[in-house]
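Using the sequences and the accompanying hints, generate a full structural model.
Spelled out from the first residue to the last, the chains are:
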Amino acid sequence: MKRITIISGHYGSGKSEISVNLAINNKIDYLVDLDIINPYFRSRGLADLLEEKNIHLVESTIKGMTGSDLPYISGEGVVPFVNPDITAIYDLGGTENGARVLIQFLDRVKDVNEIDFLCSVNIFRPETADVKGILDTIAMYEAETQLKITGLINNTNLINETEEVDLIRGEKILIEVGKKLNIPIVYTVVEETKKNFNHKFLGERITLIRYIAKKYL
Amino acid sequence: MAKVLMKGNEAMALAAIKAGCDAFYGYPITPQNELPEYLSKHMALNGRVFVQSESEVAAINMVYGAAGAGARALTSSSSPGIALKQEGISYMAGAELPGVIINVMRGGPGLGGIQPSQGDYKQITRGGGNGDYYLYSLAPESLQEAVDLIKESFDIADYFRNPVMIAVDGLIGQMMEPVTFDNETPKWELEPKTWAADGDRSNREKNVINSLYLDPLMLEKHNLKLKAKYDVMRDKHQRYEMINVKDAEIVIVAYGSMARIARTSIEILEEKGIKCGMIRPITIFPFPDKAFRELQDSVKNILVVEMSTGQMLEDVKIANECERPIHFYGRVGGIVPEAEEVVSQVLKIIGGEDNA
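For the protein sequence lines, the chains are V and U, in the order given.
1 is the number of the first residue of the first sequence in my numbering; add one for each residue after it.
218 is the number of the first residue of the second sequence in my numbering; add one for each residue after it.
No lab work stands behind these hints: they were computed from the structure.
A hint or two may mislead.
A short, non-exhaustive set of chain U residues, derived as facing chain V with CB atoms under 8 Å [claimed, not checked]:
(1) Lys220
(2) Val221
(3) Lys224
(4) Thr247
(5) Pro248
(6) Ile331
(7) Gln391
(8) Met392
(9) Met393
(10) Glu394
(11) Pro395
Stretch-level coverage of chain V by chain U, calculated; a stretch enters the list once three of its residues show a Cβ under 8 Å from a Cβ in chain U [what the hints assert, rightly or not]:
(12) 33-41
(13) 122-136
(14) 148-161
Where is the CB? At the ideal position from N, CA and C, for every residue including glycine.
Following this line, the structure appears as structure tokens:
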């Protein structure tokens with residue numbers, strides 16, 4: 001895993017749950033919630049859990065404002081880009097407006113090889129159901145940020161109704177996308193409730209715990 | 218089309234397109250913004266009309282105009298925005314215009330907050346606007362149910378020539394679930410809109426869309442005509458689901474997201490050996506008072522659970538006709554009660570600690 005991982009993807013592609021799981025599993029120093037698009041289900045709602053896990057959460061500087069949809073994030077978000085000792089995950093908001101938030105930090109980047117800019121894809125999201133849709137989404141993120149997507153996350157799921165063949169189908173589509181862009185599938189996400197999926201998926205497997213949406217499922 | 222994973226607001230938007238919605242008019246407000254955002258792109262792709270109006274008041278009056286011309290029109294908003302639309306909604310009911318209004322509720326009063334709430338129950342079921350009118354109001358508990366009801370809602374609005382309200386809270390708007398748009402939904406027998414002011418004067422007298430009746434006798438006649446429609450809704454079109462009520466000793470009454478959470482509470486109670494059922498209103502107007510007459514003698518207590526300080530509670534009291542003790546549990550401010558909170562309330566009631 002590179003020192004800085006930025007998770008992008010269409011909204012509803014699982015960015016926040018994946019970010020939180022990666023941060024916890026890999027004992028990452030900073031989780032930077034750049035999501036100013038969604039009003040609900042954001043990683044900033046997990047402040048207590050992250051503190052307990054010694055992960056520094058960067059969000060709005062206005063504390064206790066989980067109910068705020070002000071497009072505002074702390075300047076602390078720049079710290080991992082200037083301090084080479086800090087590992088970080090950046091959780092972007094969906095849509096081009098979500099991507100734009102990242103741009104303010106990018107002139108601080110010293111070594112682009114330290115950064116993984118990943119795109120999470122769920123083929124059950126209508127906008128990313130096929131190769132063309134996924135390529136369009138990636139092109140949008142790259143155009144907004146002027147940063148190349150370096151890898152894909154196969155997060156194909158229908159929540160509790162996911163079947164193993166769905167993930168395999170998602171993988172096939174992502175392999176095609178990967179070939180066109182010359183990028184790998186870095187992670188495949190399998191819910192903790194679907195541990196019986198034995199298929200050897202491409203990339204590292206993330207056994208996903210739904211920290212954010214759990215109680216409503 | 219098989220199942221897809223969608224966010225509630227998007228799914229409701231696509232359901233409206235599938236229902237043949239011709240035109241959308243709205244003004245942004247959290248937590249329903251993905252709905253107009255989705256339609257801003259997809260209405261155009263489907264050759265329909267999308268207008269982001271200058272205000273909520275403008276939006277509802279555009280719905281009035283489009284509906285008056287015979288179109289299937291939609292607006293959506295969240296609590297404070299719905300409050301602003303009340304004048305137009307009242308005018309639509311008065312002029313007997315169909316239309317669908319989606320309310321993705323957030324905390325109030327006033328600007329309140331942006332987290333989920335069911336605090337608009339009275340605004341929806343008692344009429345926030347002036348005069349004697351009601352809205353046929355549907356309160357789905359899941360994305361699938363929201364999709365199916367929205368697909369049907371345009372038919373219902375046309376059938377009654379009355380606005381239909383889709384009442385969900387922010388949780389339904391923001392959460393993601395697998396949905397299909399292929400479910401068969403009931404088709405209502407609809408007559409041609411011969412009343413519409415559509416510019417066609419080839420073979421009819423002029424049509425006038427208005428809610429103004431200066432002659433008291435004419436207005437009374439009009440009011441009674443409207444009442445007859447609401448009576449039909451009450452008599453024939455109450456919708457509800459009875460869950461686990463057979464032999465239940467206590468019954469929860471909850472709608473929307475709250476019902477969904479109460480389902481988990483019922484499972485937890487089952488494990489503890491307590492038989493708890495639920496009446497889940499699907500229409501909140503007409504309120505399903507018929508459901509209460511189906512309850513057996515085994516039911517000793519009723520617990521109303523809401524994300525409000527007790528708004529539906531009054532309707533439950535009316536429907537209960539003093540038959541059983543009624544208890545209440547609610548959280549407000551945008552806080553969503555957890556299943557365990559409802560469980561401990563049930564345990565208190567059964568243990569005699571909570572006297573109604």
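Evaluated hints:
no. : hint    : verdict
1   : Lys220  : 6 Å, holds
2   : Val221  : 5 Å, holds
3   : Lys224  : 5 Å, holds
4   : Thr247  : 5 Å, holds
5   : Pro248  : 5 Å, holds
6   : Ile331  : 5 Å, holds
7   : Gln391  : 4 Å, holds
8   : Met392  : 6 Å, holds
9   : Met393  : 5 Å, holds
10  : Glu394  : 7 Å, holds
11  : Pro395  : 4 Å, holds
12  : 33-41   : holds (count 4)
13  : 122-136 : holds (count 5)
14  : 148-161 : holds (count 4)
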